[in-house]
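Visitor: If you're matching them up, the sequences are chains A, B, C, D and E in order.
Note that the UniProt record's numbering gives residue 198 to position 198 of the first sequence, counting from 1, and the numbers run on in steps of one.
Note that the UniProt record's numbering gives residue 87 to position 87 of the second sequence, counting from 1, and the numbers run on in steps of one.
Note that the UniProt record's numbering gives residue 262 to position 262 of the third sequence, counting from 1, and the numbers run on in steps of one.
Note that the UniProt record's numbering gives residue 15 to position 15 of the fourth sequence, counting from 1, and the numbers run on in steps of one.
Note that the UniProt record's numbering gives residue 79 to position 79 of the fifth sequence, counting from 1, and the numbers run on in steps of one.
Any given hint could turn out to be false.
Here are some chain C residues the structure puts well away from chain B; computed CB gaps all over 12 Å [to be verified]:
no.	residue
1	Glu75
2	Arg123
3	Glu150
4	Glu247
5	Arg254
6	Thr297
Partial chain B-side listing against chain A, Cβ under 10 Å, derived [claimed, not checked]:
no.	residue
7	Glu100
8	Gly104
9	His214
10	Val299
11	Leu329
12	Pro332
13	Gly334
14	Ala338
It is worth saying that the hints were derived from the structure and are not from the lab.
Think of the CB as a built atom: it goes at the ideal place given N, C-alpha and C, for glycine as much as any other residue.
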Amino acid sequence: MAYFDKRYHPPGTAPGTLAGDDSGAATVHLMDYSPDRLAERADATVAECTPALHQDQTVTWVHVQGRPHPELLQEIGNAFGLHHLAMEDVLNRGQRAKVEDYGGQLFVVLASPCWHDSGEGVRLAIEQVSLFLGDHYVVSFAEGAEDPFEPVRQRLRGVVGRFRRAGADYLLYALVDLVVDQGFPALERLGDELEAVEDVVLDEADGRASARLHRLRAAALQLRRALWPQREATAYLSRDETALVHETTRLHLRDCHDHAVQMIEMLEAYREMATHLLDVQLTRLNHRLSESMRMLTIVATLFIPPTFIVGVYGMNFDPDASRWNMPELAWPFGYLFAWGVILMTIGLLFWWMRRRGL
Amino acid sequence: MAYFDKRYHPPGTAPGTLAGDDSGAATVHLMDYSPDRLAERADATVAECTPALHQDQTVTWVHVQGRPHPELLQEIGNAFGLHHLAMEDVLNRGQRAKVEDYGGQLFVVLASPCWHDSGEGVRLAIEQVSLFLGDHYVVSFAEGAEDPFEPVRQRLRGVVGRFRRAGADYLLYALVDLVVDQGFPALERLGDELEAVEDVVLDEADGRASARLHRLRAAALQLRRALWPQREATAYLSRDETALVHETTRLHLRDCHDHAVQMIEMLEAYREMATHLLDVQLTRLNHRLSESMRMLTIVATLFIPPTFIVGVYGMNFDPDASRWNMPELAWPFGYLFAWGVILMTIGLLFWWMRRRGL
Amino acid sequence: MAYFDKRYHPPGTAPGTLAGDDSGAATVHLMDYSPDRLAERADATVAECTPALHQDQTVTWVHVQGRPHPELLQEIGNAFGLHHLAMEDVLNRGQRAKVEDYGGQLFVVLASPCWHDSGEGVRLAIEQVSLFLGDHYVVSFAEGAEDPFEPVRQRLRGVVGRFRRAGADYLLYALVDLVVDQGFPALERLGDELEAVEDVVLDEADGRASARLHRLRAAALQLRRALWPQREATAYLSRDETALVHETTRLHLRDCHDHAVQMIEMLEAYREMATHLLDVQLTRLNHRLSESMRMLTIVATLFIPPTFIVGVYGMNFDPDASRWNMPELAWPFGYLFAWGVILMTIGLLFWWMRRRGL
Amino acid sequence: MAYFDKRYHPPGTAPGTLAGDDSGAATVHLMDYSPDRLAERADATVAECTPALHQDQTVTWVHVQGRPHPELLQEIGNAFGLHHLAMEDVLNRGQRAKVEDYGGQLFVVLASPCWHDSGEGVRLAIEQVSLFLGDHYVVSFAEGAEDPFEPVRQRLRGVVGRFRRAGADYLLYALVDLVVDQGFPALERLGDELEAVEDVVLDEADGRASARLHRLRAAALQLRRALWPQREATAYLSRDETALVHETTRLHLRDCHDHAVQMIEMLEAYREMATHLLDVQLTRLNHRLSESMRMLTIVATLFIPPTFIVGVYGMNFDPDASRWNMPELAWPFGYLFAWGVILMTIGLLFWWMRRRGL
Amino acid sequence: MAYFDKRYHPPGTAPGTLAGDDSGAATVHLMDYSPDRLAERADATVAECTPALHQDQTVTWVHVQGRPHPELLQEIGNAFGLHHLAMEDVLNRGQRAKVEDYGGQLFVVLASPCWHDSGEGVRLAIEQVSLFLGDHYVVSFAEGAEDPFEPVRQRLRGVVGRFRRAGADYLLYALVDLVVDQGFPALERLGDELEAVEDVVLDEADGRASARLHRLRAAALQLRRALWPQREATAYLSRDETALVHETTRLHLRDCHDHAVQMIEMLEAYREMATHLLDVQLTRLNHRLSESMRMLTIVATLFIPPTFIVGVYGMNFDPDASRWNMPELAWPFGYLFAWGVILMTIGLLFWWMRRRGL
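Just chain A, same shape as in the assembly (with noise of 0.2 Å):
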């Protein structure tokens, strides 16, 4: 697993240079409205997004979902004036989250975490949406094989309110905090995670915790890194440097800012309690290897020495030699006495040990 997917083109490139491998597996979606009228197109070529976009009574969205072939963004680039550098953003996927005033069109990159259950575990997938917000048209980009924005979809097929009768920025505004929510689902899980590998932790100390804790600790990183500019991308929009958003727009952006700022604070914590795990992992290894040593210590201690005794008495020198040679072994109280030199060294070793404070 690569820790990040980071597209770059080759140092020196010229600016604006579009280029990438990827076949254009990408739809276009087109959705015009008015609190009069809706008119919706799926699959549709940018040849068929332009006259909406030459009806300034209504708000285009074009949204392309997938990795569009450098051709088609090129062409749509064309008929909404993206800019050249913002049209490299959107190819060169792995962007943090950032918002650019190109005079008169605003460029909104954004991070959508999700979780996906593979064969070895979970693992995090961060995914780039971008979006251009113009005077009365948006288009938005997002990387994955799902269109994330269907809810958005059935709420403007829905009743004629609020959303119908907004600007294109109140679109901009539902696209946005859509994409920043989605990282609550994605904290949640994290927590979830943390929570299983803490009761691991807790009860058995098991080797095998570590390698599933490092890879939570990778995902929060990645994250990390997707969250942290977000924040800065709303706080951006919510404050009030543009004129493409209007008052009543930003102060739901300044909630979808809370929410940014929200799930950072979620996500520290849950790094600081993953690191905490590992510590306490450690130190219940370190008990675990404390408790078995001294058992073997008790063990080793009390029975090597009488061992090396009883050894001394089986040797088999000739006491008919000389009477030097284990005189004990005719005594008549010779296996008594060895039981008593036994006792006492096991009893001293015991002594010893409660007072070295085993």
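Starting from the known structure of chain A, arrange chains B, C, D and E on it as the hints suggest.
Guide: Coordinates of chains B, C, D and E only, in the frame set by chain A:
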């Protein structure tokens, strides 16, 4: 135990959607006072609260205890003109402490920590308190089962003093002060628990202390997430950014902010102490391990080689087969010779151990 | 030992409530001076202090030593017009250092650290000093048993110089300077203790050092909580934010702030040193463990297998039962053959150990 | 390997002293272009560069590859009016990235990291790139053996486009962009190396991995020292603080700054990952130690006491000497009794071990 | 070795008190220069310095080497109008680097680090340098035995150039530059020492390295305390906050500030490296421990059970007493049977060890 209790709507939900699975076990308490008179009604309905609101000369305090049903919340929202984003925050508990200014209405979120003694040890819970301040009314929401604001009511019911004469902003201050000060007993408890663990760690270096310490660290992390944003919120209130809070109340809110800052410093000190304790425990475990190891090494090093020697003279080679077969067994001083070899070996090993600094 | 000595009122108490269980063992000391004359009275009553206050030409200094009874405090508060929130802070000791400006009156809280030698080792205590500065008076409160301000009185009683000619703000400076500078001997002591522990750790790697180190770290944490806010407080005083402090006194307070900053840097360095020492101790314990392990491994590896071999030839199988039963025992060179096997085994094990890098 | 390659003059040397032991292996490359024409000269002399400088309609780019001799540098300095402090920084390599504004001339220092594969593993080298921007000229210095700016020359030699039409500031941007973007492959390599170590750590917990990890951490530290100041430098260039850089170029430099920020975030994540890995390795080593300890403890605890028992019945006390001497040996069921004692002992030890949680 | 060499007056001393136990081993060096002429006098008296001061056309530089006696300092203070708080700082060495502006006089404190090779290893000393800048004079104080400013005097005595023509502020710059740049060799030495320890740690994992590393970390901490405030001081000087320093000198001081910043970055990198090294050492010690443990476990596990088995057949139960007493001893293939049991046991243990991953 879930690390954090945070509710959120599924990403893509329309902003201001009020939805919740909590059947409304909430009660509404009304208090309406001026220097001259005081009206109070427990278990009120929203309809009963509205007339009080229209009287400009009195301060109206509506308190909702428990988790209100979305419909009840909507009703209160309509009566007092609460912002839909703020009402969403009341329902989605686990919000970070904050102050939002919705032009003419101040929305304050605070976190109230308390310890619960359960069977498996103490547990920290963070309850959300939400306050709305209008021109001459305060609407408050508290999550738990018990009404925390009874002491404030007692003071209102008592002698007519500064409190009854002051406006709604002073009531807000009294509520904020009470919630913020609940951090002190929570921190004191944390400190007591830490000291109890400290005694265990310094006296016995018990392995179970690490699990207990881990739980305290998790609680400290929870407290941190609750108390830090409170600092910002009280700072906001004590700065002159809103016309709703008067100068004299602001002086009192500065005192409140002061408490919030003190708590954070105490908390950070406790957190550091807990980290220190884990370090100390690891060191002590290592020390104990090192001590049992030394004892084992001394005993095994001194007795394993002599045991080999006595084993040699316990072999049964037939001295009659040739004169090379264990002639020592028949030496007149063979036994003493063997003891000599043994004692010399022990002496050498002892000298070697000393030299190696054991 | 409680980590921190912090008093607070139960949450919900009315602000400015003065309550305490300390029976008033406090004494009041009055000093009233101008360049021309100096009046001094120990164990004064509040009534005796009031006339001095009404003389504008003199500087009146009222010092309260010990923990004043709430009634005494209220009496002083009435005489000098002290703010009720400030008086609450005087009673609720354990406040963080701060400066509050109550329009026309400056309230300064400082922390004075000192070491106490008790039976079980040194212990750090933090005592609160509270100062009120008015137009031509200073009211000071110091917690401990001993009056810390005697050196300042000596200077006032001495030759008539800058001090006697300057106003109440210079007296405030002298008191602040004295309290702040008490950090230097406290830090010096901390440094001495740390060096003593360092000697133990580097020489013996004794396990008890970790408990001692832990107590020093706890003391450093206490000191930190006392000294950090002092930095802000002296910075506030040395900036020109209040009309009560004159330009020349401010220059002296800047010097005082400088000392506060120096102390913090020394303290942080000590804290880091203490952390280093624990790391070093852990490493040394591991090293010692590793060394005894090596010795044990060498001895056990070289002697356990030969002990098995000599055990084999100590078996009592009957060679007469068949020619397969231990024929070696009857070989003419059987004993030498056994020694050969033993020495070869030891040689092989020795070579194996070397190759494994032991 | 020296941690950092930093040159400095002996303290007390006059500022602007140009001295160095590097014999000037530097080559000068001249490029002079306008939309209409392009002149290029490799291995130019300073004299050949001067005429181009005096033509205001063209952009003159003088590139010095290698470490210039102080005399050559002085000559260039005189021709282009370079500040003596800036020239000193060109010679004293190991400067931190920065932008200095010498009124009418901008001096930019950047750091270009690259990995070298040597026999004993990979090694990171940081090369200094110095750029001077004047009204219509750029002077660049690059330290290494290979000219990094060839891709930029290719783009200049290609079709006449934005680049040829833009001024010297756009050339500066192109060079800065190239140098900054060289951080991406360097970081990618660091990530690859870390993943390789991760595999080793998680699979085998090999001890040599710690040395490898240490080298990667040292490299990450080097990278950090190179990349952090680059962030400030690019931020300075992309803010409108100097008249030398035009608005459109500034937009491109903002993109460049964006890359610098991204790199730092990637780097910090890698650094943290490396720290995690060392923690994991320590935990795994402890786990393995704990596991072998357990096995040893089980075997030794179960077999050492029985070995003592069989040793007892291997003693040679003479049963004929008295009836107290080892009567068991002559019991009809003595052998079975001994086995009974042995098995009971093993059983008891087994039960004891289980109870102690081994 | 005391961690820090900091002198302070007892708390409560009057400000500006000059007291010290250092008998004045200080010498005064006078230099008085203009573009036209240069007067120099070693071992001057204060009286000899005063006339030079009254000549406005020359720059007067009075340098005091060593620790001046309080009386000498007072005399100089009177002659040059030094502020009494500044003079106190000159005596109370161990001040943090700073710049104080006493209206018309600038007081600069700097720290000059140098390494001393003593018998028990290298040791870092921090010496305080104090500088006063007036309109056309500089008074400098340096603590050590050796005069550090000789190179500056050489430059003044040399050809008449920028230095002689510039004012007193340029002299101040030259002195500040020299003191600041002394950080480079000190850091280089620290780096060399660290690399030497690194070699030891990576090659041998010697336990003594941790004490050496500890001393280097203490030195790095000292350096940090010296260099960090220097950054602020040079930043202050290079900003246009005082009329005493001219624009061109300020440009040079900015260069000086640049060096201070570089040093801090190098230092922080070294400090981190030292921390890494301790981690690596701990890991390697654990690895070595784990390795010897494995060897011991393999040998003991394989040979302790067989030793028990051969012990069984070394028991002396009388086969004649009954047919239950060790019938195996008389079996024709008893010996081979015993070997079979032994080899099977070893095989089983080997298989068990493999399965447990040892």
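Visitor: Looking back at the hints listed earlier, which ones does the structure fail to meet?
Guide: Hints 6, 8 not satisfied by this model.
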